[in-house]
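As a plain string of letters, each chain reads:
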Amino acid sequence: MEHVFIVFLIIGGTALLSWPLGAYMKRVMDPVPGQPDRWTSVFTRIGGASDEQGWKSYLVTMLVFNAIMFTVTFSILALQQFLPLNPDGMGPHDPTLVFNTAASFTTNTNLQHYSGEASMSYLSQLAGLMWLQFVSAATGIAALAALARGIAGRATLGNFLLDVQRASFLVLLPVAVVVAVIMVLGGMPMTLQGSAVATTLEGVTQTIARGPVAAFLTIKQLGTNGGGFFGPNATHPLENPSFWTNGLAMIAIILIPMACVWMFGGIIGRMKHASVIFAVMALFILVKISGSVAFESAPTPAFAELPVSTESGNLEGKELRFGATGGPLWAVLTTSTSNGSVGAMHDSLNPLTGLMPMAGMWLNATFGGVGVGMINMFLYIIVAVFVAGMMVGRTPEYLGHRIEAKEVRLAILALFSHAFLILGGTALFAATSLGQSTVQEMGAHGFSEILYEFTSAAANNGSGFEGLGDGTAAWNIATGIVMLLGRFLPIILPLAIVGSLMTKRRAAESAGTLGVEDATFGTMLAITVVIFGALTFLPAAALGPLAEHFSLP
Amino acid sequence: MSDIISGLRVTVATMAICVAGYTLVILGFAQAVTPATANGSLITHEDGTVIGSRLIAQSFTSPEYIWPRPSAVDYDAAGAGGSNLSPANPELAARAEALIADHGGAADNRPIPADLVTASGAGLDPHITLSGALFQSGRVAEARGVDPMAVRSVIDRMAARPGGVFTQSRIVNVLELNLALDAELPSIAEAE
Numbered sequence: 024m025e026h027v028f029i030v031f032l033i034i035g036g037t038a039l040l041s042w043p044l045g046a047y048m049k050r051v052m053d054p055v056p057g058q059p060d061r062w063t064s065v066f067t068r069i070g071g072a073s074d075e076q077g078w079k080s081y082l083v084t085m086l087v088f089n090a091i092m093f094t095v096t097f098s099i100l101a102l103q104q105f106l107p108l109n110p111d112g113m114g115p116h117d118p119t120l121v122f123n124t125a126a127s128f129t130t131n132t133n134l135q136h137y138s139g140e141a142s143m144s145y146l147s148q149l150a151g152l153m154w155l156q157f158v159s160a161a162t163g164i165a166a167l168a169a170l171a172r173g174i175a176g177r178a179t180l181g182n183f184l185l186d187v188q189r190a191s192f193l194v195l196l197p198v199a200v201v202v203a204v205i206m207v208l209g210g211m212p213m214t215l216q217g218s219a220v221a222t223t224l225e226g227v228t229q230t231i232a233r234g235p236v237a238a239f240l241t242i243k244q245l246g247t248n249g250g251g252f253f254g255p256n257a258t259h260p261l262e263n264p265s266f267w268t269n270g271l272a273m274i275a276i277i278l279i280p281m282a283c284v285w286m287f288g289g290i291i292g293r294m295k296h297a298s299v300i301f302a303v304m305a306l307f308i309l310v311k312i313s314g315s316v317a318f319e320s321a322p323t324p325a326f327a328e329l330p331v332s333t334e335s336g337n338l339e340g341k342e343l344r345f346g347a348t349g350g351p352l353w354a355v356l357t358t359s360t361s362n363g364s365v366g367a368m369h370d371s372l373n374p375l376t377g378l379m380p381m382a383g384m385w386l387n388a389t390f391g392g393v394g395v396g397m398i399n400m401f402l403y404i405i406v407a408v409f410v411a412g413m414m415v416g417r418t419p420e421y422l423g424h425r426i427e428a429k430e431v432r433l434a435i436l437a438l439f440s441h442a443f444l445i446l447g448g449t450a451l452f453a454a455t456s457l458g459q460s461t462v463q464e465m466g467a468h469g470f471s472e473i474l475y476e477f478t479s480a481a482a483n484n485g486s487g488f489e490g491l492g493d494g495t496a497a498w499n500i501a502t503g504i505v506m507l508l509g510r511f512l513p514i515i516l517p518l519a520i521v522g523s524l525m526t527k528r529r530a531a532e533s534a535g536t537l538g539v540e541d542a543t544f545g546t547m548l549a550i551t552v553v554i555f556g557a558l559t560f561l562p563a564a565a566l567g568p569l570a571e572h573f574s575l576p
Numbered sequence: 617m618s619d620i621i622s623g624l625r626v627t628v629a630t631m632a633i634c635v636a637g638y639t640l641v642i643l644g645f646a647q648a649v650t651p652a653t654a655n656g657s658l659i660t661h662e663d664g665t666v667i668g669s670r671l672i673a674q675s676f677t678s679p680e681y682i683w684p685r686p687s688a689v690d691y692d693a694a695g696a697g698g699s700n701l702s703p704a705n706p707e708l709a710a711r712a713e714a715l716i717a718d719h720g721g722a723a724d725n726r727p728i729p730a731d732l733v734t735a736s737g738a739g740l741d742p743h744i745t746l747s748g749a750l751f752q753s754g755r756v757a758e759a760r761g762v763d764p765m766a767v768r769s770v771i772d773r774m775a776a777r778p779g780g781v782f783t784q785s786r787i788v789n790v791l792e793l794n795l796a797l798d799a800e801l802p803s804i805a806e807a808e
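Residue numbers (the numbering used here), protein chains in the order written: chain A, 24 to 576; chain B, 617 to 808.
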């Protein structure tokens with residue numbers, strides 16, 4: 024009962040909040056073309072550019088800006104021992120770790136092969152990492168706005184540097200200020216003082232790391248970044264002090280991904296179509312949550328023979344202050360979106376519970392990352408429309424755009440690349456000592472650890488089965504490359520699809536056109552997601568979590 | 617080339633506003649409105665020396681104190697982490713057996729509450745369950761030479777639902793509980 028109530032409040036409440044936010048995002052991200060707009064002129068002066076861009080030019084500007092993002096943060100991390108704001112005297116990092124971390128935060132992944140409180144200066148955390156948490160999320164929102172403009176039939180996709188500023192300053196920043204203020208009131212630390220040193224009641228010296236946590240944590244959640252200030256992320260009591268901050272953090276995780284669907288609907292002018300997409304995404308998220316909460320109420324299997332109370336479910340890796348629902352609910356939300364922060368240790372989840380986060384990242388479109396989740400769903404829509412068209416024997420059309428072999432090929436290529444990065448990487452590391460020497464235990468669970476790491480990197484998620492010894496040069500380089508490909512291919516290819524659609528004449532919609540605003544379309548879309556997204560990974564699931572579950576005593 | 621220059625200009629602007637401006641606004645607000653929690657919820661003696669943070673578990677091993685949950689990082693608040701052991705890993709069972717022995721044993725009709733034998737995600741969980749505290753009340757009362765009922769009543773008073781009506785089980789902050797026990801039920805041996 025407690026579970027149902029909390030899930031209903033978090034998901035339902037956030038869905039309600041996402042509607043006005045989505046409308047606001049549509050307004051500020053896509054001001055009416057031709058009408059003078061105060062912010063547009065401000066941002067034009069800042070960036071010095073406001074030319075309308077086609078898909079290639081928009082992409083080039085985006086990639087150049089992302090290269091600057093990577094370079095700036097790479098430099099800050101590599102030089103942190105010489106730079107200010109380092110009260111705890113953090114030293115230099117390994118070069119492959121700097122590459123991995125810069126790639127990780129540029130791609131909105133926030134996979135962390137380091138522990139923040141043990142190795143990052145405050146300058147690295149704020150100017151290196153937190154800055155990317157803003158601008159990488161803004162890149163995602165900009166890409167979605169551009170995609171939507173193309174689908175809406177505009178002649179151009181807009182201007183990237185205007186879009187990225189709109190998303191940073193008008194969307195992420197105001198929401199972050201509001202949420203961070205509430206987090207501060209909820210007891211979260213926000214200080215530039217170094218660690219506190221305590222002498223415990225039993226006379227032991229305890230060093231307590233702290234820092235500017237509230238600001239960092241808030242944008243980490245809102246921008247589906249997920250990289251924690253502290254190593255153990257949102258399980259750390261200073262990064263998540265109470266039941267209430269935990270609830271607000273979960274809302275912050277899914278709020279903007281949900282609002283992105285409404286923004287998309289607003290820009291293409293088809294809110295009913297957006298509602299169907301939203302419903303399909305919500306359905307998947309609810310199925311995963313039900314599974315996760317149910318599987319995690321089973322007690323820790325290792326204690327089967329011991330006199331340990333079984334009332335509270337599996338508590339290994341979990342915090343008591345979040346209540347019984349906190350851990351498993353968070354695990355699904357953080358992986359359905361591409362957030363990747365953790366509120367419980369995923370490696371210690373019961374095997375079938377651990378399958379739910381993996382499924383979320385395999386699909387990567389059930390709300391998904393800010394902006395890019397909806398872009399991923401667009402790929403599934405292209406495939407669904409194509410399949411539906413083939414079934415009824417008509418030329419497939421999506422909102423009047425004729426979907427032909429070229430578009431479908433690009434969509435399949437994008438979806439396939441996700442699977443290839445995950446399964447190819449897993450195969451390589453599971454078959455060789457690159458991965459075998461880093462797992463906690465050989466067998467099904469070790470396989471799951473490798474599978475999870477590549478899944479998380481390709482889905483730009485960033486959570487992990489942290490028992491894996493992923494701090495090696497091989498892991499740093501391999502996941503760094505996977506994150507970069509997993510980020511940019513699913514942005515480049517969809518924009519190429521839109522670029523191709525924009526060159527064709529739009530057909531008028533007629534009675535014979537496939538409707539995209541009804542339950543039939545929703546069902547078709549859901550089936551496509553299951554078949555293309557989930558079945559691809561079934562064999563891997565069987566070797567990992569399923570095998571582990573069935574081998575339990 | 618113009619993309620690079622424009623990109624650098626936007627870099628400077630976002631750094632100035634989203635990093636410096638945003639951080640300073642939140643920092644100023646926190647230090648002005650909630651300085652105690654903003655600096656880590658520290659608990660101090662009257663002379664200002666720090667005992668710990670109310671949000672961070674610290675090690676307790678003496679019999680007169682209530683003990684926290686086990687920690688995979690030995691309560692290192694500058695390097696937190698979980699065990700990350702898979703739920704069927706035999707190391708979990710071995711650790712639980714040792715802890716059950718430390719707690720003076722458990723039996724099928726008096727099972728040990730699961731929180732006392734499981735490590736939290738960060739190894740710093742400041743709470744244990746109400747049943748986890750009551751499970752230890754006998755040892756604490758005996759070590760202090762006080763009435764077990766008095767210990768139980770302090771525990772009961774300090775236990776609260778973390779999410780109010782949204783949560784069913786009550787939990788208790790171990791450090792605050794031990795401070796209350798020291799204040800209200802000092803050990804007979806110490807008082808002499």
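Warning: the hint list may mix true and false statements.
[Said to hold, decoys possible] Pairwise CB distance ranges, derived in the manner of DEER restraints:
| id | chain 1 | residue 1 | chain 2 | residue 2 | range |
| --- | --- | --- | --- | --- | --- |
| 1 | A | ALA327 | B | SER675 | 50 to 58 Å |
| 2 | B | VAL781 | A | THR222 | 37 to 45 Å |
| 3 | A | GLU464 | B | PHE782 | 56 to 64 Å |
| 4 | B | ALA723 | A | ALA141 | 34 to 42 Å |
[Said to hold, decoys possible] Per the computed footprint, the stretches of chain A lying under chain B, defined by three or more beta-carbons under 8 Å from a beta-carbon of chain B, are:
| id | region |
| --- | --- |
| 5 | 67-80 |
| 6 | 149-155 |
| 7 | 187-201 |
| 8 | 399-413 |
| 9 | 533-543 |
| 10 | 560-570 |
[Claimed, not checked] Just a few of them, taken from the derived set where beta-carbon distance is under 7 Å, the chain B residues facing chain A:
| id | residue |
| --- | --- |
| 11 | VAL626 |
| 12 | ALA632 |
| 13 | THR653 |
| 14 | ALA714 |
| 15 | LEU715 |
| 16 | ALA717 |
| 17 | HIS719 |
| 18 | VAL781 |
| 19 | PHE782 |
Quick caveat, the hints were computed from the structure, so don't treat them as lab data. Note that CB positions come from ideal geometry on N, CA and C, so glycine has one too.
Checked hints:
| no. | hint | in the structure |
| --- | --- | --- |
| 1 | ALA327(A) x SER675(B): 50 to 58 Å | violated (29 Å) |
| 2 | VAL781(B) x THR222(A): 37 to 45 Å | holds (38 Å) |
| 3 | GLU464(A) x PHE782(B): 56 to 64 Å | violated (37 Å) |
| 4 | ALA723(B) x ALA141(A): 34 to 42 Å | holds (41 Å) |
| 5 | 67-80 | holds (count 4) |
| 6 | 149-155 | holds (count 4) |
| 7 | 187-201 | holds (count 8) |
| 8 | 399-413 | violated (count 0) |
| 9 | 533-543 | violated (count 0) |
| 10 | 560-570 | violated (count 0) |
| 11 | VAL626 | holds (5 Å) |
| 12 | ALA632 | violated (10 Å) |
| 13 | THR653 | holds (4 Å) |
| 14 | ALA714 | violated (11 Å) |
| 15 | LEU715 | violated (10 Å) |
| 16 | ALA717 | violated (11 Å) |
| 17 | HIS719 | violated (11 Å) |
| 18 | VAL781 | violated (9 Å) |
| 19 | PHE782 | holds (6 Å) |
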